[in-house]
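Protein chains in written order, with our numbering: chain A, 22 to 359; chain B, 418 to 743; chain C, 2 to 324.
Some hints here could point you the wrong way.
[Unchecked claim] Mimicking DSS-like on lysine-lysine, the simulated pairs with C-alpha atoms at most 30 Å apart in a straight line are:
1. LYS124(C) to LYS453(B)
2. LYS146(A) to LYS172(A)
3. LYS225(C) to LYS55(A)
4. LYS172(A) to LYS228(C)
5. LYS114(A) to LYS228(C)
Hints in this document: simulated from the structure, not taken from any laboratory.
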Amino acid sequence: MAEKLLEIRKLTTGFITEKGMVKATDQISIAVDKGQTVCLVGESGSGKSVTSLAIMRLIDYAGGMILEGNINFHGQDLAAKTQEEMRVIRGNKIAMIFQDPMSTLNPVFTIGDQIAESLQLHQNKNAKEAAEMAVGLLKLVGIPAPEIRAKQYPHELSGGMSQRVVIAIALACNPELLIADEPTTALDVTVQAQILDLLRKLQAELGMSILLITHDMGVAAEIADRIAVMYAGAIVEEGTVEEIFDHPSHPYTIGLLQSIPGFEGGRGGELYTIKGTIPPIGQLPTGCRFHPRCPHAMEVCSMKEPPDFMITDDHRAACWLFQGKPVQADNKDEVRQA
Amino acid sequence: MSIGQSQLPTDSLKVEQGLPAAELKRPPGPWVILWKKFSHNPYAMSGLFVLLFFIIVAILAPVLTKYKPDAIDMMFPNLKPGAEGHLLGTDELGRDILTRLLYSARISLSIGFTVAFASVVVGSIVGAISGYFGGWVDTIFMRIVDVTNSVPTLFLNILVLAIFGSEVKYMILILALTSWMSIARLVRGNFLQLREMQYVEAARAIGVSNWGIIFRHLLRNASFPIIVNATLMVGGAILSESALSYLGLGIQSPATSWGLMLSNAQEFMLIDPLQAVYPGLCILLVVLAVNFIGDGIRDGLDPRQQVTKSRRRLDKWRKNYSKSGN
Amino acid sequence: MTEYLIRRVLQSVLVIFLITIVTFLLIHAAPGGPTQVMLSPGLSPEIFKQQAHNLGLDKPIYIQYIRWIGDLLQGDLGYTFKNHLAVSDLLLPRIGNTFILMGAAWLVSLIIAIPWGIYNSTKVYGLSDQSASFISYIGFAMPTFWFGILLQQWFSLKLDWFPLSDMHTRGKEGDIGDLFMHLVLPITVLALGFLVSYMKYARASMLEVLDQDYIRTARAKGVKERKVIFHHALRNALIPIITVLGMDLPILVGGAALTESVFNWPGMGRLYVQMATQREYSVLMAITIVTAVMVVLGNLLADILYAVVDPRVKLSKQGGKAA
Chain A
22 MAEKLLEIRK LTTGFITEKG MVKATDQISI AVDKGQTVCL VGESGSGKSV TSLAIMRLID
82 YAGGMILEGN INFHGQDLAA KTQEEMRVIR GNKIAMIFQD PMSTLNPVFT IGDQIAESLQ
142 LHQNKNAKEA AEMAVGLLKL VGIPAPEIRA KQYPHELSGG MSQRVVIAIA LACNPELLIA
202 DEPTTALDVT VQAQILDLLR KLQAELGMSI LLITHDMGVA AEIADRIAVM YAGAIVEEGT
262 VEEIFDHPSH PYTIGLLQSI PGFEGGRGGE LYTIKGTIPP IGQLPTGCRF HPRCPHAMEV
322 CSMKEPPDFM ITDDHRAACW LFQGKPVQAD NKDEVRQA
Chain B
418 MSIGQSQLPT DSLKVEQGLP AAELKRPPGP WVILWKKFSH NPYAMSGLFV LLFFIIVAIL
478 APVLTKYKPD AIDMMFPNLK PGAEGHLLGT DELGRDILTR LLYSARISLS IGFTVAFASV
538 VVGSIVGAIS GYFGGWVDTI FMRIVDVTNS VPTLFLNILV LAIFGSEVKY MILILALTSW
598 MSIARLVRGN FLQLREMQYV EAARAIGVSN WGIIFRHLLR NASFPIIVNA TLMVGGAILS
658 ESALSYLGLG IQSPATSWGL MLSNAQEFML IDPLQAVYPG LCILLVVLAV NFIGDGIRDG
718 LDPRQQVTKS RRRLDKWRKN YSKSGN
Chain C
2 MTEYLIRRVL QSVLVIFLIT IVTFLLIHAA PGGPTQVMLS PGLSPEIFKQ QAHNLGLDKP
62 IYIQYIRWIG DLLQGDLGYT FKNHLAVSDL LLPRIGNTFI LMGAAWLVSL IIAIPWGIYN
122 STKVYGLSDQ SASFISYIGF AMPTFWFGIL LQQWFSLKLD WFPLSDMHTR GKEGDIGDLF
182 MHLVLPITVL ALGFLVSYMK YARASMLEVL DQDYIRTARA KGVKERKVIF HHALRNALIP
242 IITVLGMDLP ILVGGAALTE SVFNWPGMGR LYVQMATQRE YSVLMAITIV TAVMVVLGNL
302 LADILYAVVD PRVKLSKQGG KAA
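Chain A with its partners taken away, still in its complex shape:
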C-alpha cells in the first residue's frame, strides 16, 4: 500500500454564530496517499471548503475553529500547530488554489511579484532569482510570453489565464500536497477542461498529491483516484473512483450520479433531482442527516446516526441500508446531536 501523505481523522470544525457553536464538519476522516488525487464531492454548504480551510488552518481567519480530530501530515498533527508553525508549511509543503481566480489575485501587485513572493518566503531566493523562477513557472503552467505576462497586473488577464497564474503560485515551492477548491467552477467549459488537463499533467510531472474539492461528479470522474462524498458536514460514502461510479451505495451518491446529464443511469433523458435542500449548518435533523430527503428512509434513520459500513475493503458508506450486510468497521460514537 502506498505511503499516506495526509490523514484526517475525525475532524470536527465549527463556527460561532448567534445560536452558539455550530458544527460545519462532523467527524470526517479521509486519507490522501502520495501521488494520489482524492476528490471531495458535495453540494455547496456540505462543508467541503471548510475542510480544505481546516487543513491549511486558514479556518482560524475565517472565524471558525477545529474542535476535535487530527490532521496528520507527514506524521505531524497540523491541528495542533500554531499559526507560526503553519506558516512554514503553507505555500511550501501544502499549497492551495481557490475557486474564483479573478478575486484570488491581489489587484495591485504584478503577477510576477505574486509568484516570486512564495519563493522568497520559503526558498530564500533573492528578488532577482525569484523573478526569473516566476517566469519559468508561468511557462510551466502554459502561459505564452511569460516574460511580458510577469510584469502585468491581474486585471489584464482572462479568467483561465488567472487560474493558471494561481496554479503557478501554488506550485512555486514544489508542494507535496495541492488543495484545489473548485478550481474550475468559475471558468468557461472549454477552459475548465484545459485547467483539469494542466493539473493532471503537472501532477504526473511533479509527483504531488491533489485534494480536489468540487460539486461536480463529472470533474471527479475525470481526475480522481478516490472519491469522498460529503453531505451536510459528514462523509457519507468514500471509495475508489471505480467503486463509487460502478457500485454507488449511499442513496445520496446515487442521487448525485443520476443528476448528471447524459449519465447512463439517468432515467430516459429526464434529469433527476434530489428533492429538498441541504439543511443549513446548525439545523441538522436527528438520526441520519440525509433521511428527510432519502427515498429509502427507514424508521431507524430518523433515530440513530448511521456508522460507516464497509461495502468492500476499500469502500465505505454511512447508511443503515448496509447494516449487517458486509463487515461493519470503525464504529462512530453514539448518536451525536450537532
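Could you slot chains B and C onto chain A? The hints should help.
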C-alpha cells in the same frame, strides 16, 4: 459505467418523507422588526430618552421657568450657580442661564427638525427625478453636487447669511439648501436601480403614470434609508446652527441659542468658566442622542447586522471549544 | 492615463467656472442688489449713482461678470469697499497661516488615525476599537468651537501651559518655538475632527479588504500576518481612503475657519467670518474662489494618487475609475 448493478432498487424513489414543516406564521412587518431591534439597543434607547427629554423641556419652557430668556436684571449679574432663584446662575446681564438654555433648546431643535424635513422633501424630489428620468435633469443635478462639494458648506452658509441677513428663515433655507444633496444622492441611486427593474415596464404597460411609480417606489423602497439619513441630518443642522450663531451670523440677540450663549461665554471666560460648559454640553447631548437614534434605526434595518456577542464571550467560546486555540 | 488626467483637469476648470458664476449671482441677488450692499446707505442719490457708475454697477450683469472674471484671471481680486485695500494683499498672508494650521492638523490626524484604524480593523471590538468608537461618537457630536473654548479654559487660563489665542506673542514674530506653542491647542481641536472620520474610513476600508479572497491567498502562501496586513491589505485599503481624503477637503477648510475664529488665528477662515459681518463682498468672493481652487486641486491630486496606487485605473481609457 452504470449504476445498474447498484445494491439499491431504484424504483422505490417515490417514498415520501416529508420535510419538517416550515412555520407558516405571517412574518412581522418591517416596523415591528425595527422596533424590536431598536428597543434592544441600549444606545439607541438612551438616545431616544435624551431627545424626548429635551423636546419636552423645550415645549414646557415657559412653564418650567418664571423668567424670560431676554429679561435683563442688572441687579444680579454673574451670579454663581446655585444662587437663590437661579439654579445655574446668571450671565453678565443678569439673565437666568437655565432659562436661556431651555429657550435655546426650542430654537436648536426646531431648526434641526425643520432643516432635516426640508432636506428630505427637496432631496427626494430631485433625487427621484434625476434618477428616474436621467438626462439633463441628472446632468444639472450632478453639476450642482460638484459645485457644492467644492466649496465648504460653512462658507456658503456664511455668504448667504451675510447677503440676506441673519434671520432664522434664511438660516433654515440655506442649511436645507446645503444638506439635501446626500438624500438626493441616496434616492437617485435607488431610482437608478429601479429603472432597470422589470416591474416598472409592467407598471407602465398597464398605464400607471411615472409619478405614480416614483411615489410608490419612494415610499416602499427608499423610506427607511431616508429616515436614517434624515435623523443624522438633524444633528448636523443643530451643529451648523450653533456654529453660525457662535460666529455671530446666526441667531441674534435678544433671541437665544446655545451657539450664541457660547460666543457670549467665551468673552466672560475669566469671570465664569462654567457658563461655557452648559450650552456645549446641551449641544453634545442632543446631537449624540440623535446620532444614536439614527445608528439604532440603521442597525435595526440591516438584516445582516446581528447582535454582536461581546469580545469576552467570544474568547470564552474559543477557549472552551477550540482545539487549535489561537 | 494622460487622457484621464486631461479629462479631470477640464472637469475641474468647469467646476471652478460654475463656482464663480454661482458666487457672483448670489451677491447680485442680494435684496436691493449689489449697489445697496456695496455702498453706504447714507449717500445722497447723486453721489450714490456716481459711485455706482464708477464701480461699473450700472452695467448689465453679464458685462459686470466678464469684467470681474477678467480682472480675476489677471490676479486682480478687487478692493475692499472700506479703506480700499487690495484684496490680494489682505488675503495672501492669511492663506499661508491657514496652510500652517490646516496642514499641521491634517498630518497629526493622519499619523494617528490611519495606523489606529488599521490596528482596530485587525482587532474588531477589542478595547482599542471600542475606545476609538467612543471617541468617534463624541467627536462627531461635539461642536468644534466648544471643544476649543474648553481647551482654552483648561490649558490656557487655568494651567497656563499654552497661550490663549493668536499666532504669535507680540514681539516674537519669527520665533518658531513661540509659534509651536500657539499651534498646540488649535491643532488639537482641528485634528480631533479629522481624526474621527479618517479613523472610521481606515478601519472600514481595511475590514473590507481583509475579507477579500486575495488576502486568503496571501495567507495560503505562508505570508506572515504582519506582512499580510501592511503589504497585501494596506495598499488596497489606501485606494478608497485617498479618494475620501480628497472629498473631505471642504469640511477641513470649514473646520479650520471655526477653529481660527475660536483661537483668533489670522487665517483665511477667520478673515472670511470677519468680512462677512462687514459685508465686504469682494473679499468673500475671493476667498470662496481661492478655497474652491484649493479643493478642486486637492481632488485632482487625490485622483492622480489614486491612479498611481491602483494599476486598474491606467487602463480605463474612459477616465472612469475601474473600481
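These are the hints, each one checked on the structure:
Restraint check: the Cα-Cα separation between LYS124(C) and LYS453(B) comes to about 29 Å, which is no more than 30 Å; the hinted pair holds. At roughly 19 Å between alpha-carbon atoms, LYS146(A) and LYS172(A) fall within 30 Å of each other, so this suggested pair holds. Of the supplied pair hints, the one linking LYS225(C) and LYS55(A) holds, its CA atoms being roughly 28 Å apart against a limit of 30 Å. The straight-line distance between the Cα atoms of LYS172(A) and LYS228(C) is roughly 22 Å, inside the 30 Å bound, and the hint therefore holds.
Note on LYS114(A) and LYS228(C): the hinted pairing holds, with a Cα-Cα distance of about 20 Å set against a maximum of 30 Å.
Comparing the model with each numbered hint stated earlier shows that all of them hold.
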